[in-house]
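**Student:** What follows is the residue order along each chain.
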Amino acid sequence: MLDFLDTPDRSAKPREEGITHALDDGVGVDEVRDRLEVCEEFVDIVKLGWGTGYVADRLEEKIALYQRRDIPVYFGGTLFEVTIRQGRFDAMVEELSELGVEHVEVSTGVIDLEHEEKCGYVDRLSEEFTVLSEVGRKDADEELTLEEWGGRAEREREAGAWKVIMEGRAGGDTGVYGDDGDVKAGLIEHTAERLGADSIVFEAPQTEQQAWFVERFGPEVNLGNVRLDDVIPLETLRRGLRGDTVETFHPETGVDRTEATTELAGIETDD
Amino acid sequence: MLDFLDTPDRSAKPREEGITHALDDGVGVDEVRDRLEVCEEFVDIVKLGWGTGYVADRLEEKIALYQRRDIPVYFGGTLFEVTIRQGRFDAMVEELSELGVEHVEVSTGVIDLEHEEKCGYVDRLSEEFTVLSEVGRKDADEELTLEEWGGRAEREREAGAWKVIMEGRAGGDTGVYGDDGDVKAGLIEHTAERLGADSIVFEAPQTEQQAWFVERFGPEVNLGNVRLDDVIPLETLRRGLRGDTVETFHPETGVDRTEATTELAGIETDD
Amino acid sequence: MLDFLDTPDRSAKPREEGITHALDDGVGVDEVRDRLEVCEEFVDIVKLGWGTGYVADRLEEKIALYQRRDIPVYFGGTLFEVTIRQGRFDAMVEELSELGVEHVEVSTGVIDLEHEEKCGYVDRLSEEFTVLSEVGRKDADEELTLEEWGGRAEREREAGAWKVIMEGRAGGDTGVYGDDGDVKAGLIEHTAERLGADSIVFEAPQTEQQAWFVERFGPEVNLGNVRLDDVIPLETLRRGLRGDTVETFHPETGVDRTEATTELAGIETDD
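Protein chains in written order, with UniProt numbering: chain F, 1 to 271; chain R, 1 to 271; chain Y, 1 to 271.
Pulled out of the complex, with its shape left as it was, chain F reads as follows:
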């Protein structure tokens, strides 16, 4: 390992802050193993995106692989939503328990559910599972007001959610983002102020979005929907080792570089 630079401090696992919440969208089991061997230290929790865990083969093997490395793994909120739509809540709880899954996501990205009822599910599930509850709709047309986002997030935490996820979708084009992927800064600030940024996982699938959050909240911000491929690139953003955040973490100091690099003295340059 290289070790000649100063980089921002990062907490160690298991983390409550600085969480990288990764998205597994149905990749192969060997690929997961291979990826984790270079980035395991930076993966805090993994979501088997939407219903991919329901259809892909070798599910038990994949879950075991993550769990052997102490990385919790759970199913995307869409599975919960279809479950509710079909009235299969008990069956879901039973099968998840049998699989040994210890986390669950409660969301209303697509289905309509009274917020009170949603909080009921958070409460009920938090007796048995660690609950992540997601605020935000996948449909950009049905947006919540600032107050609604904040209030709902707060009540879901009170109902027992470990973290509140702020919706950004796998594509990063809805929820806390506009159609063009731009961050809705006012919404972020409002919610972070009410709950504390460490209670929130911000879904941020795109590099520019990740850079924005790292610049705003520092290296220990919780970021979600990060593809397994992007865990290492995100870690470089957190440490100021990618162009986007170099200036944030390694500001121009006014240090006399010539002094620090005396070996250059006396070398004739070309112009």
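Derived list of chain Y stretches under chain R, where covered just means 3 residues or more per stretch with a C-beta under 8 angstroms from a C-beta of chain R:
hint, stretch
1, 36-43
2, 234-240
3, 243-252
Worth flagging that the hints you see were computed from the coordinates, not collected in a lab.
Just so it is clear, CB atoms sit at the ideal spot from N, CA and C, and this is done for glycine as well.
The hints should help you fit chains R and Y onto chain F, whose structure is shown.
**Tutor:** Leaving out everything else, chains R and Y in the frame of chain F:
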């Protein structure tokens, strides 16, 4: 495997409908094996994209890997087109036969060929191979009329094509799509009506495009140019297990959810 | 291997022209091995992008894997820039030497450095390493004039750079590209004329950009920031085996195709 939800019926392999036609753009052989181990059941046929099969190493090994799993594999239409351009038709047929490849694509995405001549190749090749013939140009400026698309597709089927592919390119920005990736619905409807949707493979590389076809034609639509990475995500679309198609396959039923989830009764919610 | 087509000549490794400079952005070690097994012949040099090599595990293993296959590997310019910012030049040189890395990149994509000073680093490093120096800023707002690009590139070559890299970033949206990814042709022509195209590695992460350079400079153009996934697709562009460059390398010849494909004679077509 999880098994607590109702999802739309899907046919079993070998399929004539509900085909997922996957694109291998030159990935490694181990990656293919690893991917197939989680999604083999949903991959019906694989195209080695354009000329990638001509330049990548370990070609025989890759073909054997697919064929051992009863997944037909063939070379992208660009290879056929360059062959015609260079007058090497006989040599192509000979080398493909030696490789044990049993499918071939006839296209005129780039080269100019009288349609009658194209149909001649379909006819000739269909004696020895299963032929996929592609309608559409890669160049967006040379678009065909509705009648031309439909008529040509029809004649290529009559000449012996197993399926007609409607061009969308790997990028999903031409053929049946506009520059912005939007679906040309009128063209699709017209051709599907004339040939029957089950005779057509619609190239649909992007998630939104796949969702559109699944909503329009149901879970058993034939979709092509699906990256190996996207086979599992597509399968979730076909089953209503991704946000985009939840509403299509699991509509709001008016069922009294409270009844179905009695365990929530009596739980005090937070507001 | 298939071998029935004429394709443009390509030089063999080790290459001085026709270089594919690949980007490893933190992928797993098995994935690297697997990819190289299908495209090793076409990978000339690999950059561990920006600071990914600093944070990912199994660094030594990955370096050994590339070097065993005679593929030089080095660290992205951002690492050099943070080093200079922190005044750790000597430490960097020492650690790189210990790792057995033989190439280094000098860039000023983010940091401010007098050009004379930059050339001093090129000169100093070229005593011990093979130096790639990069011209261009990551920040699109601080663009250089045509003369500045050309002049700087020239002086960096004189200072000892093996090749000059023209900045395009991993995203292909700055440096020699506009915000929309379009190529700045005037800039390219000017610099290529002054230095010779073979002294330059053009960063070209997107397919359309790669096709542009291959059409303009031929199959032996040096292209950089090519993802490992895209090495095979790029090779098809260089040989006219992808739609984008078929016309370039296999022009309509006026050859009588009917003669070359006599087996079609007598076949009744469908219209």
